[in-house]
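Visitor: As given, the protein sequences belong to chains A and B, one line each in that order. Using our numbering, the letters of the first sequence map in sequence onto residues 2 to 399. Using our numbering, the letters of the second sequence map in sequence onto residues 2 to 399.
Worth flagging that the hints you see were computed from the coordinates, not collected in a lab. Only a predicted model underlies this, so the values are computations on that prediction, with no experimental measurement involved. Glycine included, each C-beta is placed from N, C-alpha and C at the ideal position. Warning: the hint list may mix true and false statements.
Claimed, not checked - Label-pair ranges, simulated between beta-carbon atoms:
id, chain 1, residue 1, chain 2, residue 2, range
1, B, Asp101, A, Gly214, 49 to 55 Å
2, B, Ala225, A, Gly34, 24 to 30 Å
3, A, Gly243, B, Tyr335, 55 to 61 Å
4, B, Gln276, A, Ser51, 28 to 34 Å
There are 2 protein chains.
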Amino acid sequence: MKRENAIVGQSGGPTAAINATLAGIIAGVRESGAFGTLYGAYNGVEGMLSERFCDLNGKVSQSDLALLRNTPAAALGSCRLKLAGGEQYDRLFALFDKLDIGSFFYIGGNDSMDTVAQLSAEAEKRHSPVRFIGVPKTIDNDLILTDHTPGYGSAAKFVATTLREIRRDCAVYTKPAVTVVEIMGRDSGWLTAAAALTDVDGLYLPERVFDTGVFLADVKQALARHPDVLIAVSEGIRDKEGSYIGAAGHKGLDIFGHVNLSGAGKALELFVKEQLGVKVRSVELSVLQRCAAHIASETDLNEGEAVGRAAVRAALEGKSGVMAAIIRTGDAPYTAEITTVDAAKVANQAKVIPDEWINERGNGVNEACVRYIRPLIVGEPALEYEDGLPKQFVLPRG
Amino acid sequence: MKRENAIVGQSGGPTAAINATLAGIIAGVRESGAFGTLYGAYNGVEGMLSERFCDLNGKVSQSDLALLRNTPAAALGSCRLKLAGGEQYDRLFALFDKLDIGSFFYIGGNDSMDTVAQLSAEAEKRHSPVRFIGVPKTIDNDLILTDHTPGYGSAAKFVATTLREIRRDCAVYTKPAVTVVEIMGRDSGWLTAAAALTDVDGLYLPERVFDTGVFLADVKQALARHPDVLIAVSEGIRDKEGSYIGAAGHKGLDIFGHVNLSGAGKALELFVKEQLGVKVRSVELSVLQRCAAHIASETDLNEGEAVGRAAVRAALEGKSGVMAAIIRTGDAPYTAEITTVDAAKVANQAKVIPDEWINERGNGVNEACVRYIRPLIVGEPALEYEDGLPKQFVLPRG
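Isolated chain A, as found in the complex (with noise of 0.2 Å):
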């Protein structure tokens, strides 16, 4: 009997944990014996578009699959493609009817799980048996229907590990200084919050409106307490008409004279220099957030890889617009499980963190956000050296 064939794409941004979850779709299909090909779709959907993909059996070997599990970025190259039917529709559905596949699994954000969920509702339509599985990544952790997403927990110990070694180098002088560290997260404040993990003197969320009152005197008043202040700031705070600080109504001159949109940590440093006078510096964690692979987090990885395990099962099991979810079942100590959810749930929805974790002041969050965050960056992955750096997997171009 002719066995089905499978394929497989990763989108939206980078992250530390995309490819131990394309590491686990490899590793659960082989073991169940139950597909024939698995094809990797370069750049998730728009290389389908055009037919860029290859056979993952000839490109990843089993020995490849643990240092494509702890490589960072999406092996498979991503897209930020959000499908508009009709003609592109009928492409890809040649495409699965040519390759022969039954299979389609689709790790990516909301963006992606749209996708997941209207291929799938196409293919019902269709009558077309390709069953559509999505697996989250995100380092926002921003999917509803699962209790968090993978590549967020590398992403919080990166952010944690280092807003502890800057307080160590915050602290080495005595002349008063205030340090802004600016954390990704445009919409929601799931990383920024992992900076209660360490002991910052303030942290400020896109969930709440910024007010550069409250501002100014949470520094003033660390300040009093200690010359060494470290504030964490997501990129995402806005003021109370909705204009992001630093951007819209904050707006300079770059080198050539045009506008130079500064990200909200500089907005922030300039502030502090304008209305206090102390020394101040920003840092921005840029993009580090999401490939700091080695400081990933063997929790997340370790998940990463179960939702890409638990995807295969389900097209198994032959379920299809569903998206692997991760169910919590115990803080102390930190159990969960794997479950699928509707991927249509998913779509175009944010999750952001609950008012009851936020602090009055807003300014912080409670001792229940620090335990949601605090297991997901637990464990330290056994990383492959050569010559003093990390070793890394990478797929030939498409």
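Add chain B to chain A, keeping to what the hints say.
Guide: Chain B only, in chain A's frame:
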């Protein structure tokens, strides 16, 4: 017989290895059995002038030493004070008398070696028995008469590891995009040269005049090869008039209408956008370069400890006005020995990358340079983690 006491201070910018050196001095002093009390000076000579110090025996237990070794930044605090002589010398030597100090260990860069040389000369004038021993540290690697400086290897490992991870992040999309990573080192390109341990498309050093024409041609050529271009640039690059790129002559206004000195990375980001119209981003590795102890080099920490112990031996041998220095005795396998050199010769000098290690076009370094850097980043310290975060040793504020 009453044994003489010793005092140790840390100075200049923090590194990931400066506490390894402190741990080496504490261990060396204890193991020698030749000293009475080992005092720690808070904030280097600045704290000594206001008599802020502690008894390190009471503050750092034997079991704390391993944790101290792996904690970034200066546990005793640091300063940037250059002594002015006269009354300051009087106060310092009065303190030495009061505390019965026979040996003063000063961990720092070339300014600190100046302090060591000056105080040693002053001691001779005053017929003071105090011996002054310098111990090198700086992420910049710009001290002469030592093969390299503790602190550099860990910073270089962070830079190379991070660039390798950013390279993966760059590779996920198909659209042409340029990423410019700005690296510390105002006057020497040693840290930027560590980018050569990974596969960047070009690196630009302060040792060479920055030519925008060459840079632009390099970026264009790289974009013709692949869509994901990764550039490393020193914060210290200057034009042929000697003005920093991004600073003088490249002024913009900040959000309050003030002059905003953007860094080299940001300046090149805007330049590439202006000239080529491609997607471009810049990343500043910033203060993480000097405090990312979680990715420290074990070779570096070992050598940091070893120069600390060597300083203690030098004091016991009656030396003064010297700096512990590293002599490389082999490249493959890497071997090194510790010696002492004249601190006065190190003071106020700076070591830059030799001309013959930089390629003709000024956008890269050769294999000899890579061979020099590579062994310094090798090895991973066995870090102790608690709840997913590296444990630190924190000395209570003095």
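Visitor: Determine for every hint whether it applies to the structure shown.
Guide: Structure-based check of all given hints:
1. B:Asp101 - A:Gly214: 49 to 55 Å: Holds - the Cβ-Cβ distance for Asp101 of chain B and Gly214 of chain A, about 54 Å, lies within 49 to 55 Å.
2. B:Ala225 - A:Gly34: 24 to 30 Å: Once the Cβ atoms are compared, 45 Å apart, the range 24 to 30 Å for Gly34 of chain A and Ala225 of chain B is violated.
3. A:Gly243 - B:Tyr335: 55 to 61 Å: 57 Å, holds
4. B:Gln276 - A:Ser51: 28 to 34 Å: 29 Å, holds
In summary, the structure is inconsistent with hint 2 from the numbered list given earlier, while agreeing with all the others.
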